[in-house]
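*Asks:* Chains as they are written, first to last, in the numbering used here: chain W, 1 to 335; chain G, 1001 to 1069; chain L, 2001 to 2349.
To be clear, the hints were calculated from the coordinates, so they are not data collected in a lab.
Values in this document were obtained by computation on a predicted structure and should not be read as measured data.
Incorrect hints may have been included.
Stated by the list, open to error - Coverage of chain L stretches by chain G, computed from C-beta distances (three or more under 8 Å per stretch; other residues unrestricted):
no., segment
1, 2114–2125
2, 2182–2189
3, 2243–2252
What the hints assert, rightly or not - In silico BS3-like pairs for lysine-lysine, Cα to Cα no more than 25 Å straight-line:
no., chain 1, residue 1, chain 2, residue 2
4, W, 4, W, 26
5, L, 2190, G, 1052
6, G, 1052, L, 2144
7, W, 62, L, 2239
8, L, 2105, W, 138
9, G, 1013, L, 2190
10, L, 2105, W, 253
11, W, 253, G, 1052
12, L, 2239, G, 1008
13, L, 2248, G, 1052
14, W, 133, L, 2144
15, G, 1052, L, 2239
Claimed, not checked - Calculated from the model, a selection of chain W residues having no Cβ within reach of chain G, i.e. all distances over 10 Å:
no., residue
16, 9
17, 53
18, 54
19, 56
20, 131
21, 149
22, 187
23, 189
24, 230
25, 246
26, 251
27, 278
28, 281
29, 307
30, 333
Glycine is no exception: its CB is placed at the ideal position from the N, C-alpha and C atoms.
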Amino acid sequence: MSNKKVTLAHGAGGKQTAELIESVFKHHFANPEFTPDDAAVLNVGTGKIAMSTDGFIVSPYKFNGGNIGKLSICGTVNDLSCMGAKPLYMTCSFILEEGFDFDELEEIVAAMEKTANEVGVRIVAGDTKVAGKGQVDKVFITTTGIGSLTEGFSTSGAFAKPGDAILVTGDVGRHGCTILLAREDLGIEADIKSDCAPLWHTVESMINTTKDIHVIRDATRGGVGTVLYEIAAESNVGIRLNSQDIPVDPAVKGVCGMLGLDPLYLANEGTMVVIAPKEQAQALLNTLKQGKYTKNAAIIGEITDEMVGKVMMTTEIGSQTLLPQPGGELLPRIC
Amino acid sequence: MCVGLAAKVVGLKDGMALVDASGAKREVSAELLEDVEPGDYVMVHAGIAIAKITSDDEEETDGLLGLLG
Amino acid sequence: MSEIMQRTREIIESYNGPKLRIMEVCGTHTHEIFRLGIRNILPENIELISGPGCPVCVTPVDFIDEAVYLALERNALICTFGDLIRVPGTKKSLADARSEGATIKIVYTALDAIKVAQENPDREVVFLSVGFETTTPAVCLAIKNAKKLGIKNFSVLTANKTMPAAYQALKLSADAFLYPGHVNAITGVKVCEDLAEQGVSGVVAGFTAKELLTAIAVIVENAKKGKPYFVNCYPRVVKEQGNPSAVKVMEEVIEPCDSIWRGLGVIPNSGLKIREEYKEYDVRVKLDMPLIQGKPNPACRCGDVLQGKCKPCDCKVFGKVCTPLHPVGACMVSNEGACSAYYQYGRKD
Chain W
1 MSNKKVTLAH GAGGKQTAEL IESVFKHHFA NPEFTPDDAA VLNVGTGKIA
51 MSTDGFIVSP YKFNGGNIGK LSICGTVNDL SCMGAKPLYM TCSFILEEGF
101 DFDELEEIVA AMEKTANEVG VRIVAGDTKV AGKGQVDKVF ITTTGIGSLT
151 EGFSTSGAFA KPGDAILVTG DVGRHGCTIL LAREDLGIEA DIKSDCAPLW
201 HTVESMINTT KDIHVIRDAT RGGVGTVLYE IAAESNVGIR LNSQDIPVDP
251 AVKGVCGMLG LDPLYLANEG TMVVIAPKEQ AQALLNTLKQ GKYTKNAAII
301 GEITDEMVGK VMMTTEIGSQ TLLPQPGGEL LPRIC
Chain G
1001 MCVGLAAKVV GLKDGMALVD ASGAKREVSA ELLEDVEPGD YVMVHAGIAI
1051 AKITSDDEEE TDGLLGLLG
Chain L
2001 MSEIMQRTRE IIESYNGPKL RIMEVCGTHT HEIFRLGIRN ILPENIELIS
2051 GPGCPVCVTP VDFIDEAVYL ALERNALICT FGDLIRVPGT KKSLADARSE
2101 GATIKIVYTA LDAIKVAQEN PDREVVFLSV GFETTTPAVC LAIKNAKKLG
2151 IKNFSVLTAN KTMPAAYQAL KLSADAFLYP GHVNAITGVK VCEDLAEQGV
2201 SGVVAGFTAK ELLTAIAVIV ENAKKGKPYF VNCYPRVVKE QGNPSAVKVM
2251 EEVIEPCDSI WRGLGVIPNS GLKIREEYKE YDVRVKLDMP LIQGKPNPAC
2301 RCGDVLQGKC KPCDCKVFGK VCTPLHPVGA CMVSNEGACS AYYQYGRKD
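Between the sequences and the hints, there should be enough to build the whole structure, so can you do that?
*Replies:* The following block contains the structure:
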């Protein structure tokens, strides 16, 4: 372990900046397209491309199951994947707090390298700024990515149709729960790992199963509940879930029980909502069950033409109730 | 008013109990219960064990419905 | 669906007697009843009324103003349950105070506030103590521990309440009470038995689907007999005597006082204050706080809602000006509040 820290000079554009790029970024991101010039010049073929950007400010920046580096790749990769776009190139922009540990930065960048390699996406340009102590919380990363769209395949939040089945690609709420336990000093311990994962290969395997998929959406901030309300509004449909079918890790359930929270509103970073015609649902589920990150996938409900714009829930007593609308900050409920 | 959680006592030390609710563990005060032992189920609220749980809800409600005849 | 659920549903759904108004006293019951969709299976002649058992909802606006004052004017480090963060005060909520630089920390238990005090010896750490008999023993234990450990920078802002006087105040609002199981786990069932003798019926209920359905089925069956009744429908947790150790620690640290309930006004002997022997932990005494009187928003009908006098949707601001994101009254803030539950679960009647 070196004790080397990031200083303001590392962001000043001079010798130290070059040293940072050389020793950390180039070392991990080396590929033919990684540019020392002002912009990367890329060959993206002739078809349509998808493009997305996302900022990451997670605190703590290291958590069980990943760190902000892995997260920053997964976030943009998954956004592209939801459109059926194969992620090709990414850029990343770092804002570092003065005094941040070089070794920690190295670890974050190494996680980015590993995750990007797994997907086959290339990091082609980057930027680093150093902000004075206290001006940012250790490390912020913004990633932007482009991907090439799969021909004959298109998804949108507006494409859900009555009769479609709703799947989740994994158990819900693990990332949010992991961060909550790490961030808030609640004294609760649980062996819960963030679901943070790059899902391009998952989406690819679904497309290979059938191109007849209407919606794929990454259930990040706000969780599955929020995403379902978005889709209900965008597609002008109703949604009915079966509460018993929603996969939740028992420990996440335990934590939520202690704090009065609903796992449907906790963030995921490697779980998507997939909506497809009912006839395709079982085949998609079978495919997902064989995936590396999606063994806990499940069919959780269906699209209806009743209660447009709402998410209904069939409860454990067999009655119907509305899923509460997503609200602001998640606060533990005790008393 | 009072979110309660049924949890299993898995450890005891100096009036504190380590409780486990399907994998979520927390230390809570066991000072207000007598004769708590590891393996017991307790009702936890706001960081203290407020009661021992003597059966599951199936057995309990079954008994109550039996009384209704 | 299990056999028990099926059987209880049959009993409930086949009720055809006179109108039966059941008041669920506990906010967590309100929450679970909505989550399980229980109202949606009730026949027309059974009505569930959400009572005053959400501590956040019955805590007067003055309390929030006091907490905001401590956080902003006295630089206190506030420890609180998450429930209170967004409750509006006269001008500001704790969330507003936090955005102005106040230190507001969410804790799971009063006992953790002691640890916060130990870690921040240069700050006055104030725990915001709301709650009923279930929640109060923890704060009493915390105060006792602080005294034992000689911690000088810890104190408590109390708004704790007790239920018995409230039952008296509300007994005409319903035909039967669904008593709050976890309160009875502490206090035992004598208060309910006494009420039955005075002609006020009710059952203690647990919180699972089976327990709630069973409790309502027991009410339905007893209502048919036409005599006042009390049944403990949560015997696996609620014992005859309750939890005597918890009662003892409460009696040692705190004593009854009159208390203001949002919407219900002052109910004599329904509040709790810290006893003389522990007064150095009463932040109002310790920091010689001025009397702070808040002004609730006059359009808000939380008070009537809490007494079952009106439904949330009868309030003019409900769902329009007052929503979970921009609550006007406390009943919209707490997930347990009747207004929040009505809004979230889309009920219009």
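*Asks:* Confirm or reject each hint.
*Replies:* Results for each hint:
For the segment 2114–2125 of chain L, the stated coverage by chain G is not satisfied: 0 residues place a CB nearer than 8 Å to a CB of that chain, which falls below the threshold of 3. Chain G is given as covering the segment 2182–2189 of chain L, and this holds because 4 residues of the stretch bring a CB closer than 8 Å to a CB of that chain, at least three being needed. Counting residues of the segment 2243–2252 of chain L whose CB falls under 8 Å from any CB of chain G gives 4; the rule of at least 3 is met. The hinted pair formed by residue 4 of chain W and residue 26 of chain W meets the criterion: a straight-line CA distance of about 18 Å does not exceed 25 Å.
Of the pairs offered as hints, the one joining residue 2190 of chain L and residue 1052 of chain G holds, with about 19 Å between alpha carbons and a cut-off of 25 Å not exceeded. Of the pairs offered as hints, the one joining residue 1052 of chain G and residue 2144 of chain L holds, with about 23 Å between alpha carbons and a cut-off of 25 Å not exceeded. Pair hint residue 62 of chain W plus residue 2239 of chain L does not hold up; C-alpha atoms about 46 Å apart against a cutoff of 25 Å. Under the criterion of a C-alpha separation no larger than 25 Å, the hint pairing residue 2105 of chain L with residue 138 of chain W is consistent with the structure, at around 21 Å.
A distance of roughly 33 Å separates the Cα atoms of residue 1013 of chain G and residue 2190 of chain L; the hinted pair therefore is violated under the 25 Å criterion. Pair hint residue 2105 of chain L plus residue 253 of chain W holds up; C-alpha atoms about 24 Å apart against a cutoff of 25 Å. Between residue 253 of chain W and residue 1052 of chain G the alpha-carbon distance is near 21 Å, which keeps this suggested pair within the 25 Å criterion. A hinted pair counts as satisfied when its Cα atoms are at most 25 Å apart, and residue 2239 of chain L with residue 1008 of chain G qualifies at roughly 19 Å.
With a C-alpha separation of about 17 Å, the suggested pair residue 2248 of chain L and residue 1052 of chain G falls inside the 25 Å cut-off, and the hint holds. Between the alpha carbons of residue 133 of chain W and residue 2144 of chain L the distance comes to roughly 41 Å, so the proposed pair goes past 25 Å and is violated. Taking the CA atoms of residue 1052 of chain G and residue 2239 of chain L, the gap is about 9 Å. The hint holds against a cut of 25 Å. Non-interface status of residue 9 of chain W relative to chain G is upheld: no Cβ of that chain comes within 10 Å, the nearest being about 45 Å off.
Against the 10 Å criterion, residue 53 of chain W stays outside the reach of chain G, whose nearest CB is about 36 Å from its own CB. With 10 Å as the threshold on Cβ separation, the claim that residue 54 of chain W sits away from chain G holds: the shortest Cβ distance comes to roughly 30 Å. The claim that residue 56 of chain W lies off the interface holds: its Cβ sits roughly 27 Å from the closest Cβ of chain G, which is beyond the 10 Å cut-off. Every CB of chain G lies more than 10 Å from the CB of residue 131 of chain W, the least distance being 37 Å, so the non-interface label holds.
Non-interface status of residue 149 of chain W relative to chain G is upheld: no Cβ of that chain comes within 10 Å, the nearest being about 41 Å off. Interface exclusion of residue 187 of chain W from chain G breaks down, the closest Cβ pair being 6 Å apart, not more than 10 Å. Against the 10 Å criterion, residue 189 of chain W falls within the reach of chain G, whose nearest CB is about 5 Å from its own CB. Non-interface status of residue 230 of chain W relative to chain G is upheld: no Cβ of that chain comes within 10 Å, the nearest being about 29 Å off.
With a closest Cβ-Cβ approach of about 16 Å to chain G, residue 246 of chain W is found to remain outside the 10 Å limit, as its non-interface label requires. Listed as outside the interface, residue 251 of chain W is inconsistent with that label: its C-beta sits roughly 3 Å from the nearest C-beta of chain G, within the 10 Å cut-off. No Cβ of chain G approaches the Cβ of residue 278 of chain W within 10 Å, the least distance being about 32 Å, so the stated non-interface status holds. With 10 Å as the threshold on Cβ separation, the claim that residue 281 of chain W sits away from chain G holds: the shortest Cβ distance comes to roughly 29 Å.
At the 10 Å boundary, the C-beta of residue 307 of chain W stays outside the reach of chain G, the nearest C-beta of that chain being 29 Å off. Listed as a non-interface residue, residue 333 of chain W fails to keep its Cβ farther than 10 Å from every Cβ of chain G; the least gap is roughly 6 Å.
Violated hints, listed in ascending order, are 1, 7, 9, 14, 22, 23, 26 and 30; each of the other numbered hints is respected by the structure.
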